[in-house]
Amino acid sequence: MSSSRVSGTMARLVRLTKQISRTHYVNYSSMPRPAISQNPVRSCNIKQTIIASSRKFQYFRGDDKNKGKGFGVAGIISGGFCLGILGFFEKKEELTPEDELLIKIKRSILAIQEGEVQKAERHLSDAWKMSTELEREDVKTQIMDIQANLALQIGELDKALRLFQLVTQRMVYHQNVEVTDNSVVEISIKLAQIFAMKGNKEESLTGFQYCVDTQREKIKQGVKDEDTLMLAAWALQSLAQAYMTEGTQENKIDRANIAIAAEYEHEALAYVSEAVGQDSHQAVVIASDLASILALQGNVDGALKQLEECEKIAAEKYQYLRAAIRVNTGSLYLQKGEYSEANRVCKEARMIAGMYKDLESVMRADECISKSRDEMSSDTYQQQQQQNRTSTS
Numbered sequence: 000m001s002s003s004r005v006s007g008t009m010a011r012l013v014r015l016t017k018q019i020s021r022t023h024y025v026n027y028s029s030m031p032r033p034a035i036s037q038n039p040v041r042s043c044n045i046k047q048t049i050i051a052s053s054r055k056f057q058y059f060r061g062d063d064k065n066k067g068k069g070f071g072v073a074g075i076i077s078g079g080f081c082l083g084i085l086g087f088f089e090k091k092e093e094l095t096p097e098d099e100l101l102i103k104i105k106r107s108i109l110a111i112q113e114g115e116v117q118k119a120e121r122h123l124s125d126a127w128k129m130s131t132e133l134e135r136e137d138v139k140t141q142i143m144d145i146q147a148n149l150a151l152q153i154g155e156l157d158k159a160l161r162l163f164q165l166v167t168q169r170m171v172y173h174q175n176v177e178v179t180d181n182s183v184v185e186i187s188i189k190l191a192q193i194f195a196m197k198g199n200k201e202e203s204l205t206g207f208q209y210c211v212d213t214q215r216e217k218i219k220q221g222v223k224d225e226d227t228l229m230l231a232a233w234a235l236q237s238l239a240q241a242y243m244t245e246g247t248q249e250n251k252i253d254r255a256n257i258a259i260a261a262e263y264e265h266e267a268l269a270y271v272s273e274a275v276g277q278d279s280h281q282a283v284v285i286a287s288d289l290a291s292i293l294a295l296q297g298n299v300d301g302a303l304k305q306l307e308e309c310e311k312i313a314a315e316k317y318q319y320l321r322a323a324i325r326v327n328t329g330s331l332y333l334q335k336g337e338y339s340e341a342n343r344v345c346k347e348a349r350m351i352a353g354m355y356k357d358l359e360s361v362m363r364a365d366e367c368i369s370k371s372r373d374e375m376s377s378d379t380y381q382q383q384q385q386q387n388r389t390s391t392s
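Just so we're aligned, residue 0 is where the sequence shown starts under numbering that gives the first Met the number 0, counting upward by one.
Careful: at least some of the hints might be erroneous.
[Claimed, not checked] Under the rule of at most 25 Å between Cα atoms (straight-line distance), these lysine-lysine pairs were calculated in the DSS-like manner: (1) Lys197 with Lys251; (2) Lys158 with Lys118; (3) Lys158 with Lys128; (4) Lys118 with Lys128; (5) Lys139 with Lys128; (6) Lys335 with Lys304; (7) Lys251 with Lys200; (8) Lys356 with Lys311; (9) Lys304 with Lys346; (10) Lys158 with Lys197; (11) Lys139 with Lys118; (12) Lys304 with Lys316; (13) Lys139 with Lys158; (14) Lys356 with Lys346; (15) Lys335 with Lys311; (16) Lys316 with Lys356; (17) Lys335 with Lys346; (18) Lys356 with Lys370; (19) Lys335 with Lys370; (20) Lys311 with Lys346; (21) Lys346 with Lys370; (22) Lys370 with Lys304; (23) Lys251 with Lys335; (24) Lys370 with Lys251; (25) Lys316 with Lys346; (26) Lys200 with Lys158.
These are calculated hints, taken from the structure and not from any lab test.
Let the sequences and hints guide you as you build the complete structure.
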């Protein structure tokens, strides 16, 4: 085989490992679009919140109209790179050891995309052995990163924690990656999320704060590329969620923590708007989170107005977000005691959620419809309606 073919394969392998180092391996087949928090007036569940935040990183890498942009798995595959490589190596006699390694890594990513965990683990185990034989320590680091993300995806927190820590050590001490590099910051956010899910509150808050401070300093020094800004937004939003959790313990609202969460969400929105625009779906999601905060602060009318603005943008550009926004709107009408309006809005949300197979929104919409129906059938509500009709006649 010609030296140019070998060098070309190695170039592809290096390019892939660089992409993998900044990839978040969440299974997006079941949740391909950004998640909007659907608990605007309820206590936060820290594990559910962090998992949602982890999934959200996809939308920090480009929206559905630009899947090839960024570093996510969806971007790599939908851009044709993965499938093209597999097709390119159909002739067995042309394969080099580097080709085989590249294919194994690609196939592991495809398996993760398809939710085939055991298959992905087999490919990764084979790729690890091949990397050892080829003495490619840099590729072994990337394989370990994929394994860590996969462990996080399936809830093996201790394994994910150990692997992410090892990946960071290898990157910093063996590959001379700066501790402030975006790839290290991304892993640090994931480590903080794992600490949160394990109930290590102080370590989690310290980790999120470190990531926020690191990104702020880079931005202060004039580093304002999209990746840096969006990682800053993700870290800020994760920190905001942590304070919201603290602010809603045991169904009691701590306004001080909620106010801190609001500040972080506003800063995250500013970075997202600068990076990808005020009408991006990333901005819509964060604005929806801010509506949740307004509701927690008791400003239900302000929250409804904020959600109305979110829905205007979603109706024009991001129809798949509308169900979650409508469910949140209906929930707020429930809080206000406007049960008929809540019922109407949640029925609309239920219909939209069904169209886009948004199972969480379907469930929340059904809850809203049931609660509003029960309230409307109560004697107290019927008496109030009768009094209203009498007063207006």
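Hints, one by one, checked against the model:
1. Lys197 with Lys251: holds (22 Å)
2. Lys158 with Lys118: holds (18 Å)
3. Lys158 with Lys128: holds (20 Å)
4. Lys118 with Lys128: holds (16 Å)
5. Lys139 with Lys128: holds (9 Å)
6. Lys335 with Lys304: Since the Cα atoms of Lys335 and Lys304 sit roughly 14 Å apart, the hinted pair holds (cutoff 25 Å).
7. Lys251 with Lys200: holds (18 Å)
8. Lys356 with Lys311: Holds - the C-alpha atoms of Lys311 and Lys356 are around 21 Å apart, at most 25 Å.
9. Lys304 with Lys346: holds (20 Å)
10. Lys158 with Lys197: The given pair, whose Cα atoms are some 12 Å apart, holds under the 25 Å limit.
11. Lys139 with Lys118: holds (18 Å)
12. Lys304 with Lys316: Judged against 25 Å, a Cα distance of about 19 Å means the pair holds.
13. Lys139 with Lys158: holds (17 Å)
14. Lys356 with Lys346: Roughly 15 Å separates the two Cα atoms, so the pair holds.
15. Lys335 with Lys311: holds (22 Å)
16. Lys316 with Lys356: Holds - the C-alpha atoms of Lys356 and Lys316 are around 18 Å apart, at most 25 Å.
17. Lys335 with Lys346: holds (18 Å)
18. Lys356 with Lys370: Status holds; Cα separation ~22 Å.
19. Lys335 with Lys370: holds (13 Å)
20. Lys311 with Lys346: holds (18 Å)
21. Lys346 with Lys370: OK: Lys346 and Lys370 at ~12 Å, within 25 Å.
22. Lys370 with Lys304: At roughly 23 Å apart (the allowed maximum being 25 Å), Lys304 and Lys370 satisfy the hint.
23. Lys251 with Lys335: This hinted pair holds, its Cα atoms lying about 18 Å apart.
24. Lys370 with Lys251: At roughly 22 Å apart (the allowed maximum being 25 Å), Lys251 and Lys370 satisfy the hint.
25. Lys316 with Lys346: holds (22 Å)
26. Lys200 with Lys158: Given that 25 Å is the threshold and the Cα spacing comes to 19 Å, the pair holds.
In summary, this structure violates none of the numbered hints.
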